[in-house]
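J.: Letter by letter, the chains look like this.
There are 2 protein chains.
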Amino acid sequence: MTSENNNNGALSGVKVIDLTRVLSGPFCTMLLADMGAEVIKIEPPKGDNVRNQGDMVNGYSSYFAQFNRNKKSVILDLYKETDKELLKSLLSDADVVVENFKAGVFNKMGFNYETLKSINPKLICASVNGFGSKGEMSNRPAFDFIAQALSGFMSLNGTDETGPMRAAMPISDLVAGLYCSFGIVSALYSRVQTGKGQQVESCLTSSLISMMAYLSSESFVTGKAPKKSGNNHPILAPYGIFQTSDGEVAVAPASDKFCDIFLESTDLTNLLEDDLYKNNANRMKNRDSLNKIVNEKMVLKSSDYWIKKLNDAGCPAAKIVSLPEALNSQLIKDTDMVISSNGPEDRQIKMTGFAVKLSETPSKLYRPPPLLGEHTEEILKKIKK
Amino acid sequence: MTSENNNNGALSGVKVIDLTRVLSGPFCTMLLADMGAEVIKIEPPKGDNVRNQGDMVNGYSSYFAQFNRNKKSVILDLYKETDKELLKSLLSDADVVVENFKAGVFNKMGFNYETLKSINPKLICASVNGFGSKGEMSNRPAFDFIAQALSGFMSLNGTDETGPMRAAMPISDLVAGLYCSFGIVSALYSRVQTGKGQQVESCLTSSLISMMAYLSSESFVTGKAPKKSGNNHPILAPYGIFQTSDGEVAVAPASDKFCDIFLESTDLTNLLEDDLYKNNANRMKNRDSLNKIVNEKMVLKSSDYWIKKLNDAGCPAAKIVSLPEALNSQLIKDTDMVISSNGPEDRQIKMTGFAVKLSETPSKLYRPPPLLGEHTEEILKKIKK
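Heads up: the protein sequence lines correspond to chains Y and Z, in order. Positions 24 to 408 (the working numbering) are the ones given, in order, by the first sequence. Positions 24 to 408 (the working numbering) are the ones given, in order, by the second sequence.
Honestly, the hints are just simulated from the structure, not real lab data. Hints may be right or wrong, so weigh each one.
You can't tell identical chains apart in this list, so a pair holds if it fits in one copy or across any two.
As the list claims (entries may be wrong) - Below are the DSBU-like pairs computed for lysine-lysine, each with C-alpha atoms no more than 35 Å apart in a straight line: (1) LYS280 - LYS131; (2) LYS324 - LYS251; (3) LYS301 - LYS356; (4) LYS332 - LYS250; (5) LYS301 - LYS107; (6) LYS342 - LYS140; (7) LYS140 - LYS219; (8) LYS373 - LYS247; (9) LYS404 - LYS157; (10) LYS247 - LYS332; (11) LYS111 - LYS324; (12) LYS107 - LYS280; (13) LYS308 - LYS251; (14) LYS301 - LYS219; (15) LYS247 - LYS103; (16) LYS280 - LYS95.
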């Protein structure tokens, strides 16, 4: 416990030196900061590039805010030996260092693991990279889109007509960041017993591979790629998106029981006596005609009507909403998933909330996203020369 | 530290009572088991439904294996008072309990948080649910497809032609499971200081909301939905999927510098002197004609040729591979992302590897996915009557 930051968060007292930029690494360290860790973001004199990207509020990047709240900002020019020495001082009494340079770059800067361990044997040294740190691929330039392509992730989405379809958000960066934070806290917990630090590593492709465990279970056995099923379920019918009188609803009858409920709610129980549709196997074979029959019923009433009726009967169903609709919805209010910075007026900015809730040590907005170098003086004056 | 399981994993000595079934919860507890926790999966006499689903190897479900390795299986019939008492005994010296019942169900079974705290004040009580535990939605039936619809996630994927497009894998379940495990370990770390347990909760929609932080930063400022851009980048060109002489490659020139490299590699540097394409803004306006010009060059050579040339020059590029191709690739070997059970012959089965690597307390396959009730006797005989 080396930090002076005691804020009652789960990771209160944990000091993190954050050398990350852009996305996967800053997301990882923000998750630690949200849990109460003191995260000191080391930035080059020009700042993290993201400070100048995306939509701005009073000259302040909303994109930067989404990935850097609850951190302190310290400027160091790591091309200068004097500033490298300052970094070493910071690392000497830190608990965690996180970097997301391309594999090998931190080594070349003079910070291989042996050096880090000699500076501070209790230090947990974490990295998020593209393709791991072993083998030919580890040196290649990485990017979320490439990880989606290389992991098989893209190949599974979409339909035969669309071909491979990426997820629009940089999902591999965020999952890899989350995995790294899980690994870091596990290493912190382990350190309580062992007294020793260690290395923690996550990467973009492995993170996506792990997210595909359900579909991989099929490929492991059959050796084949799962069939692309678009918005249909690969092995269940009826299921998917249906037209209503005023829009569309997603319906997910995930078992025979739910299918019965769905057909009853749409007044189509008679289909279960029809050879074409009497069981799931037959319904899968005749999915097109089945969906047409279901749609003829669904289109007679509004989305709200169907969602209430189906949910009341226990069948999962919902509107397909746009991102702004979601962010303004009652659900998001009830789950506190949009918060607003309590900082100075020119830094009041909306942000995504905390996705995991702890009752006794809840995540909080301790501080607004930092101005560049806002905490340089505060942090550096603590370093004993 | 109440468990007799000491295996040198990061969570060695942590005892987890696992009441989860199907997907999000079992993924969460498997992540804890992979880190060395002793996870005791409580199953009803018929077992987790997943045991009988998906593709089988020697009568053994590959789907079940993907989410339940490293756990012990104990049969309890929680409809019986005697078995509820056994559960209470197990909880009395456990560190963590995890459930993913619909919100409120565990309460109705007689296990509200006050009761759990009275049984064991150090217990960390975790749940993964659909839509949180407050508000109208919390009682609705949940399913990944519905969470993708309600969170805005689906609305962002695909193109104007395809409409909303789900990710093919149950991504909300897995991210929520991962978030819950991050929250649990944070609570364990906090307990070292406070001596007290607490509640931890994650849910499907909040998990997806957090994955969309990059795109939400735009919606927060503009109030508008990000434009659907399919496989194109929303604000960069050229970028995306290009045809080659023998397939397709994904290319991600994520800045002006990378764009220069890409155009140089394709012998198209002259485009930078053309008014139509001289800067990114103009290239975005004329993306269709630009992509056509780039494709005319790309189609002359093979995918392997372009990937080597672009990567050597520092520009991210890769083949779009199928899931089986990915699982068999050198990258997945180098990152150890496919492992095989070391259990009895009839339980040798392939599984996804560990997505976060710890150097001193690495995740391991401690035990194969358990047979139903395999550890009932071992665990129950330890309970002091």
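J.: Output the indices of the hints that this structure fails to meet, ascending.
T.: 3, 5, 6, 9, 11, 14, 15
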